[in-house]
Amino acid sequence: MADFRIQKKTELTFDEALARLPGALQHEGFGVLTQIDVQETLKQKIGADFRRYRILGACNPKLAYRALSAELEVGVMLPCNVIVYETDAGKTVVSAVDPMQTMAAQGEPALRPLADQVRQGLRRVIDAL
43 MADFRIQKKT ELTFDEALAR LPGALQHEGF GVLTQIDVQE TLKQKIGADF RRYRILGACN
103 PKLAYRALSA ELEVGVMLPC NVIVYETDAG KTVVSAVDPM QTMAAQGEPA LRPLADQVRQ
163 GLRRVIDAL
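When the letters of the sequence shown are read in order and numbered with the numbering used here, they come out as residues 43 to 171.
These are calculated hints, taken from the structure and not from any lab test. Treat the hints with caution; some may be incorrect.
To be verified - Straight-line C-alpha distance at most 25 angstroms; calculated BS3-like pairs for lysine-lysine:
no. : residue 1 : residue 2
1   : K133      : K85
2   : K104      : K51
3   : K50       : K133
Produce the complete structure using the sequences and hints provided.
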């Protein structure tokens with residue numbers, strides 16, 4: 043089975059990774075549209091304690107426009123999720139969805155080069171952390 047994510051285990055703290063991520067995304071043409079604090083949400087909704095965990099919805103508007111123009115239904119896979127969480131050992135992991143396993147895998151040939159561009163950009167973001 044192909045890996046569905048681009049991942050890096052970093053020496054940065056959770057707060058450092060979270061602080062650097064928007065700038066790294068912006069450098070590659072992405073903006074953060076949404077941010078979900080999973081720890082806080084689970085505490086509020088069901089009273090559960092959970093590790094520090096954030097989901098950021100990242101979007102490159104130019105590439106999203108091209109993808110939506112090629113296939114309207116690709117919107118179910120937008121924005122691209124990027125997650126930051128703390129491990130039990132106190133390390134920080136940053137992962138992003140691999141659009142070659144989601145967007146490109148759905149079969150529309152016009153999406154493959156776009157998905158590859160997004161993947162390369164997200165890889166550079168993750169590598170920069």
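Check: For which of the previously enumerated hints does the structure constitute a violation, in increasing order of number?
Finding: 2
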